[in-house]
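So the sequences go chain by chain: A and B.
Here the first sequence is numbered in my numbering, starting from 1 and rising by one per residue.
Here the second sequence is numbered in my numbering, starting from 289 and rising by one per residue.
A few of these clues could be false.
Stated by the list, open to error - Here are the simulated lysine-lysine pairs, DSSO-like style, with alpha carbons at most 30 Å apart:
#1 Lys206/A / Lys117/A
#2 Lys445/B / Lys564/B
#3 Lys18/A / Lys564/B
#4 Lys343/B / Lys290/B
#5 Lys564/B / Lys117/A
#6 Lys47/A / Lys117/A
FYI, nobody ran anything at the bench for these hints, they're computed from the structure.
Treat the numbers as computed from the prediction; the structure is a model and nothing was measured.
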Amino acid sequence: MIYGDKNLGVIVQNITGKQGTFHTELMNAYAREVGGRGVVAGVAPGKGGREVHGVPVYNTVREALAEHDATASVCFVPGGAAGDSIMEAAHAGIELAVVITEHIPVHDAMKAIAYAKLHDCAVIGPNCPGLLSPGECKLGIMPAHLTSRGNVGIVSRSGTLTYEVVDELTRAGIGQSTVVGIGGDPVIGQTFVDVLARFEEDPQTKAVVVIGEVGGNLEEEGVRSTDLPVVTYIAGVSAPPEKRMGHAGAIIEGGEGDARSKVRRLAALNVPVASRPSEIPGLIREVL
Amino acid sequence: MKMLEYEAKSVFSTYGIPVPKGALIRAPEEVTAHLPAMGDGVVLKAQVDVGGRGKAGGILMADNGSAIETARELFSREIKGVPVREILVEERLAIEHEYYVSIAIDRSSKQPVVLFADAGGVEIESDVTAIRKVVVSPLLHDIPPFLMREILGGAPKELAPVINSLYHVFQEKDAMLAEINPLVTTSRGVYAADAKLIVDDNALARQGIAVNRDLSEREREAEQHGFSYVELDGTIGVIGNGAGLTMSTLDLIEYYNGQAANFLDVGGGADQERVKHAVRLVASMPKVSVIVVNLLGGITRCDEVAKGIIAAGVAPTVIVRMAGTNEAEGRRLLAEGGYKMLESMDAAVKAAMEVRR
Chain A
1 MIYGDKNLGV
11 IVQNITGKQG
21 TFHTELMNAY
31 AREVGGRGVV
41 AGVAPGKGGR
51 EVHGVPVYNT
61 VREALAEHDA
71 TASVCFVPGG
81 AAGDSIMEAA
91 HAGIELAVVI
101 TEHIPVHDAM
111 KAIAYAKLHD
121 CAVIGPNCPG
131 LLSPGECKLG
141 IMPAHLTSRG
151 NVGIVSRSGT
161 LTYEVVDELT
171 RAGIGQSTVV
181 GIGGDPVIGQ
191 TFVDVLARFE
201 EDPQTKAVVV
211 IGEVGGNLEE
221 EGVRSTDLPV
231 VTYIAGVSAP
241 PEKRMGHAGA
251 IIEGGEGDAR
261 SKVRRLAALN
271 VPVASRPSEI
281 PGLIREVL
Chain B
289 MKMLEYEAKS
299 VFSTYGIPVP
309 KGALIRAPEE
319 VTAHLPAMGD
329 GVVLKAQVDV
339 GGRGKAGGIL
349 MADNGSAIET
359 ARELFSREIK
369 GVPVREILVE
379 ERLAIEHEYY
389 VSIAIDRSSK
399 QPVVLFADAG
409 GVEIESDVTA
419 IRKVVVSPLL
429 HDIPPFLMRE
439 ILGGAPKELA
449 PVINSLYHVF
459 QEKDAMLAEI
469 NPLVTTSRGV
479 YAADAKLIVD
489 DNALARQGIA
499 VNRDLSERER
509 EAEQHGFSYV
519 ELDGTIGVIG
529 NGAGLTMSTL
539 DLIEYYNGQA
549 ANFLDVGGGA
559 DQERVKHAVR
569 LVASMPKVSV
579 IVVNLLGGIT
589 RCDEVAKGII
599 AAGVAPTVIV
609 RMAGTNEAEG
619 RRLLAEGGYK
629 MLESMDAAVK
639 AAMEVRR
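Whole structure, please, built from the sequences with the hints as guidance.
Here is the structure:
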């Protein structure tokens, strides 16, 4: 566990929305299963006083924190308003904001992440599946049944690809310490460097799978920053230049972030690079 | 979405950035009406969305006597395969010096970055050592003077207000990139001789932009259904959920020496109606002989996907790999319908390669 354990108190922003309601229940089902605290309060402006699956709803983050002991937030606020919600959480004293929302304008994300940093709040995402430490806590939308407890960390820019790799590892009998989806947008709060630094401090984590994709050079920065054994996989070697493959981050900019040159640069650092997801368990066994 | 030069210049000039006198024409004869305002020489610039337009023959010089003939010549050209339908006619500036300035997003520092060089022009991006990079906090409305001094170095101070205005454009227009190359000095003052502006697709609505022109017809149709969709050159159709998994499926096809016909991410929580549209959209590409559906159900339910595939009832073979939420029911439905299902994405892609041949 690197961002929190069973004792972590969580609030959900926009808890009354369709996704907020649905995933509050799934997060709390997981908390019950592992004996954790889970979601203790929700926030939805103008809907204070209601309950969602037994969780009390407040109008503001500040009101929720006045009544409940929580240090983390999971944000399901829609794109145009999500930047504001991140700043609200940071301002009220939240230390970890996990932002599931996709389609946040990038200028909003830049401002919110900079503002959160001034208030010592770490942001994971936006446009991410969140994080899950098997047996401890789940913040976000990851399917918990695929995970198993163990000593391999996963940090990834892509949601479903993360599930694919978790599934491969679990079926190969390799458990995970913590799985973190950091999001595929051009600007994200916690990057590979930040998450790998936490894994390095974590006695449970013995090796890390780094899952990247076309765009930028964050993967390389991350791999250079850590002494932990790392296995990487980069999606998008077949992506044509200038085309946007799915999310905003996955676009090749001026040749810098194309997957092939990224794979070459990682290989030059003597890091194993899987050419397909099914190779990852084998490569992890070699570095463990 | 990438704006054309004349659109970007129109935005820049509303922010007080001086641009050359110019006019947009759609036929060669229209150039005549604008010549008196332009002075002795003009520049004709094809308004096409391609990079390296100047080198590809998209920018021509003319004097007043030859302007119609030159315009006719430019309208007859294709620039990197794109026909010229609009031309920006501009006065020719008496340039003293060219600079380069660009504002983009620095992913590592998560802040805007101003790039500046003492020499502008088409070659600038090949000599990155000549470019100074200065990051600015996104919480600041103006570039503070101490950073502006760092950006300019020995360049004239009269460039500063233009760079600060460009920063305002960048912030207020939700830009991914705002660039002036070259930014020129003349005896009459500073001008943006060229202009580039790319607006964040996630902010098009609040910028009042209704249609993303960067998309093809089929891509636009896909967007209406909420799919991410890109057309490629191969014969194997690909449908997945999540950008990473779908992209990874494309890579796996390449790994097995095949070529994908498209990238279609149905997104999270797709119901049977959406899946049906997705399958039909991909099947409507004439070159597609087989479709691979690779799906990991989280929010998305496998039984809904199965119903959608069956409801689409398309001619190309559909090979399915699905795992996750309601997997058993999804598999039962597809088995009844006689569809081919495989356990892993590797197996599904290999099977598609067989059908393709």
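Q | Violated hints - listed by number, lowest first | A | Failing hints, ascending: 2 and 5.
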